[in-house]
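Undergrad: Residue strings, one per chain:
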Amino acid sequence: MTNPNEVPPTIDLRTGRSPEPTETMIEASGLSVDYGGPEVLTNVDLTVEQGDLIGIVGPSGSGKSTLLRALLGTVSPSRGAVTRKPGLSVGLVPQVENIDWDFPVTVTECVGMARAKGWRTPWINKSERNAIMTVLERLGLDGLERRHIRDLSGGQQQRMFLARALYTDAAVIFLDEPTSGLDVKTRHDVLHLLDDLNGDGLTVVLTTHDLNGIAAHLPTIVCLNQHVIGAGSPEEVLVPHVLEQTYGSPMEILEHGGMRVVVDAPRSPKAVESA
Amino acid sequence: MMVAITWAEIIKPFEFEFFRNGLVVATIAGALCGVIGCYVVLRNMSYIGHGLAHAVFGGYAAAGLLGINLFLGAGIWGVITALGVTSIVRRRPIGSDAAIGVITTASFALGLALVQLYGSPGRSADALLFGNVLGVNRTDVWLIVVVAVVSLAAILTFYRPLLFTTFDAEVAEATGVKTALVDGVLMVLLSATVLATMSVMGVTLIAANLVIPAVVARMLTDSFGHMLGFAAVIGAICGFGGMNASYHLDVASGPTIVLVASVFFIAAFATGGRLRQRAGAVGHAH
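Taken in sequence, the protein lines are chains L and F.
First residue of the first sequence? That's 1 in the numbering used here, and the numbers climb one at a time after it.
First residue of the second sequence? That's 1001 in the numbering used here, and the numbers climb one at a time after it.
None of these hints come from the bench; they were simulated from the model.
Take these hints with a grain of salt, some might be off.
From the derived model, a few chain F residues whose C-beta atoms are all more than 12 Å from chain L [what the hints assert, rightly or not]: (1) K1012; (2) P1013; (3) N1137; (4) M1187; (5) H1248.
Taking CB as the label site, the calculated pair distances span [claimed, not checked]: (6) F:D1126 x L:Y35: 48 to 54 Å; (7) F:G1229 x L:G73: 32 to 38 Å; (8) L:W119 x F:A1106: 40 to 46 Å; (9) L:G143 x F:A1106: 53 to 59 Å; (10) F:A1154 x L:S29: 39 to 45 Å; (11) F:D1097 x L:G143: 40 to 46 Å; (12) L:S78 x F:N1044: 28 to 34 Å; (13) L:S89 x F:T1157: 18 to 24 Å.
Using N, Cα and C, we set each Cβ at its ideal position, and we do this for glycine too.
Here chain F stands alone, though its shape is the one from the complex:
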């Protein structure tokens, strides 16, 4: 397979509306996942992002079968799953990784079963699992724009409580921050992000979009505010670059976006001792 190299070939896909839609969604989704991913990574919740994406697939399939709005159904399902995991961990002696493993894989399995029995609602099962530039429509564009604007507003409004709760939940609560509310807001934002990102990333690869830009950004700075900014920019570049690669290589968009992000990680990791030291810091954060 030969990669297109002439300028005409590079700009050719921009003629197609489906590609422009996909590019907009992938770029905004990259920035959004980068920002939300910072909180996910710093709270050691990477696995919850992975699990939620799978759980949402079950909600999507069930919503299709019941004939209700796919996004609404999947979104509500995602929030319920996130809150379910949280409450199981609080009340029962099960570790959060085990609780996530049980609930989200069960939901994913339900989704797979429903898709096999009744067919895939809205788009193909492959597109749902791995993302597909051809499957991105105007609804997806509006969905990501709305989710990104709402998330940005929420993060600006709750910036300090979110930072305080993420860094030091106990002291935040002692100081009067409503940490349960803050955690709830973050869960809703995470669910909405996963849902809006599903069309380009596919449920199996969303977690990488949440984790990799945030981890690379962490390696570049020791400031939280800068980390959010770097992660947004890196995520957007990965989305943009990955979507173009997807078209030219004729590979599903989820994998190409993750591969571009991985190149960023390898570059950051290879760029000297100080950066590498910080990479170790992210990996060993408790």
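Okay, chain L solo, but in the shape it has when bound:
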């Protein structure tokens, strides 16, 4: 077993994906959030660099969504601070469960509403329509612009909200559980798309409860349970002692085709002993 105190106080999440020096987009230092009650997050240090693709994992109630919102700026720290690069524009892809799918908006209206700052005409003008079409084409949604949002498949809905975030020219995009409720194939497609966008220079931060389907494929993982238990590459983080501290139950790691697969450790006396 590892002592939690061994976790370094400041964790650099640079992935090494891009060789050139990167720029800090968002930095949380000593971040705690309590919503006026018990602390949900305690003393979290986290740096988001340009070009990062970070997955925040942890059990339900571990503070994943709160950390996402604190980095976004919609939740205020009770202690510590979150510093964003001046003028940084961020986008959020919400959980599909939180969307009112009966709301009367078409795909174009939904993407277009994102440019809401400053003086804008109520209607979407021609140059905006072209810009929206470019984003929709990039995400494989061309031809669907007049559809109602409910008349899209799960993967298309997810990509439409990505399109809305991209349409604001966000430099950092946050996704809250982007693959919940999606089938394996669609989950795979969303993951590939995020990887592509990240390859184009977009910084991506997402939360997920899916260790094997999502987190294991990301360059950087943050294991969270009120505080940061571990952060780094899958090789560094998907190890039994970090996962056990994060999830509070023993887990084993299998190697399969060069990938790490996390499984529940069998609760036999032998397994407990070896853990």
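Assemble chain F onto chain L, guided by the hints.
TA: Using the frame of chain L, we list chain F on its own:
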């Protein structure tokens, strides 16, 4: 009772200035309520519209007693009530429906008590509660025109922030939209709409004017922009038709306008599976 059917009888009320005033107010109020109602319905705030109308009655009666301008007093009262409900919901563990129930009914009760004790200022208690075509004067016409123009300007100016905040407040805020300001603007518009509509609808029936045209419009389209347009047209037709029915049937204007709107709802609801499906969607929106 026989409904007038000859053309001469249909156009007869147009000779009277009070009727023309009432018709203008009812038609503009219908369109205005239709548009504001879209936001109210999509935000599941129908009950707040209902409550605000009742609260404004208290403000109207109190303003009459204190000798200040009735509309100003009632309008300020309405805005204070709306903001009071919002802040109670934010700070205390009370559901918004309970907070609205407490504050607005208390205000309505105060209005009723003041009217019984000191009499009804400006117009009869019946006219205030149910609307009355006879009670519509030139001030009411100017009031609805000003409120409609200001509301239209505000909705055009804040169209996208209003849509974004109504659809997805959290993401709107994360993207940099000042959602608290947007909510405040909508509350002020709603209060002003309720106040300007009171003369023809009466406080007890204003909520129907906000809800029914918006719900019917929702059943006709999946586009937000189209919904606003349909709701305005349907609301205006209901106001115009209801006001005429009020004269010919000799019934208060509030009830006749709501009944015409209900006919629209029944027609839309009965027009096939797809429309009915959308009606269910409106009802089940969380």
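Undergrad: All hints, please: hold or fail.
TA: Right, here's what the structure says about each hint:
no. : hint                         : in the structure
1   : K1012                        : 41 Å, holds
2   : P1013                        : 37 Å, holds
3   : N1137                        : 34 Å, holds
4   : M1187                        : 19 Å, holds
5   : H1248                        : 35 Å, holds
6   : F:D1126 x L:Y35: 48 to 54 Å  : 49 Å, holds
7   : F:G1229 x L:G73: 32 to 38 Å  : 36 Å, holds
8   : L:W119 x F:A1106: 40 to 46 Å : 41 Å, holds
9   : L:G143 x F:A1106: 53 to 59 Å : 55 Å, holds
10  : F:A1154 x L:S29: 39 to 45 Å  : 41 Å, holds
11  : F:D1097 x L:G143: 40 to 46 Å : 43 Å, holds
12  : L:S78 x F:N1044: 28 to 34 Å  : 31 Å, holds
13  : L:S89 x F:T1157: 18 to 24 Å  : 22 Å, holds
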